[in-house]
Amino acid sequence: GDSVTQMEGPVTLSEEAFLTINCTYTATGYPSLFWYVQYPGEGLQLLLKATKADDKGSNKGFEATYRKETTSFHLEKGSVQVSDSAVYFCALRGNNRLAFGKGNQVVVIP
Amino acid sequence: GAGVSQSPSNKVTEKGKDVELRCDPISGHTALYWYRQSLGQGLEFLIYFQGNSAPDKSGLPSDRFSAERTGGSVSTLTIQRTQQEDSAVYLCASSLLLGPGDEKLFFGSGTQLSVL
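As you go down the protein sequences, you meet chains Z and A in turn.
My numbering puts the last residue of the first sequence at 153; the count rises by one with no breaks.
My numbering puts the last residue of the second sequence at 1549; the count rises by one with no breaks.
Please keep in mind that the hints were generated in silico from the structure rather than gathered at the bench.
Cβ coordinates follow ideal geometry from the N, Cα and C atoms, glycine included.
Do not take every clue at face value.
[To be verified] With a straight-line Cα cutoff of 20 Å, these simulated EDC-like cross-link-like pairs (lysine to aspartate or glutamate) come out:
1. Z/Lys99 x A/Asp1535
2. Z/Lys99 x Z/Glu85
3. A/Lys1537 x Z/Asp45
4. A/Lys1537 x Z/Glu58
5. Z/Lys145 x Z/Glu58
[Claimed, not checked] Here are the simulated distance ranges between beta carbons:
6. Z/Met50 x A/Glu1518: 45 to 55 Å
7. Z/Glu51 x A/Ser1438: 26 to 36 Å
8. Z/Asp97 x A/Asp1496: 40 to 50 Å
9. A/Ser1495 x Z/Asp45: 41 to 51 Å
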């Protein structure tokens, strides 16, 4: 079935560092792809999305490009802030649901 | 309220007891989802309601789990004869369809269930 795979383990980095979180997907066709974020003590919320191949989603300095050749939707930010500390989930729109990856905890140290 | 509301926020129960978790979606959202979030396991799909259509129950892990949605609004997730492995955060989301294959989910803060 449709699924997404995120890189293993938490990510710890210093303020102003470059962030990449890898996400690859398995699906029939070309589903819409999403990144959701869960800040400490808050519910999940949509960060960005891309609905077709080669689309780039962007929000709050984060970007992700829908790459059908590599079935990927990696999340990037050029200069992270302490306020970006959160759990990030990659997701795809499958049949009757969003299928989520396991999430990556990101900790940004001042 | 303006967001998805879940209650209770925390529930501690004894093994073998039944529990009911409640979700109030955003008014006007026709789709409603239940997910389960376990440590290190990401979000596990449980069930999906869309309007008056038959719900997609394919994610329910066992027949101890059931859910209903009354009047197309409030939903209740029921877990019978709870087991310790049911301990998790249960998340509800309602959604706004933005176009074919394009959807934005609004999540509640979840119910933390602990089965002792």
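Holds or violated: lysine 1537 of chain A to glutamate 58 of chain Z, with C-alpha atoms at most 20 Å apart:
The given pair, whose Cα atoms are some 30 Å apart, is violated under the 20 Å limit.
Serine 1495 of chain A paired with aspartate 45 of chain Z, Cβ distance criterion 41 to 51 Å
violated, 23 Å
Going straight from one Cα to the other, do lysine 99 of chain Z and aspartate 1535 of chain A come out at no more than 20 Å?
Since the Cα atoms of lysine 99 of chain Z and aspartate 1535 of chain A sit roughly 14 Å apart, the hinted pair holds (cutoff 20 Å).
Taking the CB of methionine 50 of chain Z and the CB of glutamate 1518 of chain A, does the distance hold inside 45 to 55 Å?
Taking Cβ atoms as reference, methionine 50 of chain Z and glutamate 1518 of chain A lie about 26 Å apart, which means the hint is violated.
Within a Cα-Cα threshold of 20 Å, do lysine 145 of chain Z and glutamate 58 of chain Z meet the stated pairing?
Outside the cut-off at roughly 24 Å; violated.
Between lysine 1537 of chain A and aspartate 45 of chain Z, does the CA-CA distance stay at or below 20 Å?
holds, 18 Å
So if I understand the rule, the pair passes when the alpha-carbon distance is 20 Å or less; does lysine 99 of chain Z with glutamate 85 of chain Z pass?
violated, 26 Å
Using the beta carbons of glutamate 51 of chain Z and serine 1438 of chain A, state whether their distance is inside 26 to 36 Å or not.
Taking Cβ atoms as reference, glutamate 51 of chain Z and serine 1438 of chain A lie about 34 Å apart, which means the hint holds.
Cβ-Cβ distance between aspartate 97 of chain Z and aspartate 1496 of chain A: within 40 to 50 Å?
Given about 44 Å between the Cβ atoms, the range holds.
Hints 2, 4, 5, 6, 9, counting from the list given before, are not met by this structure.
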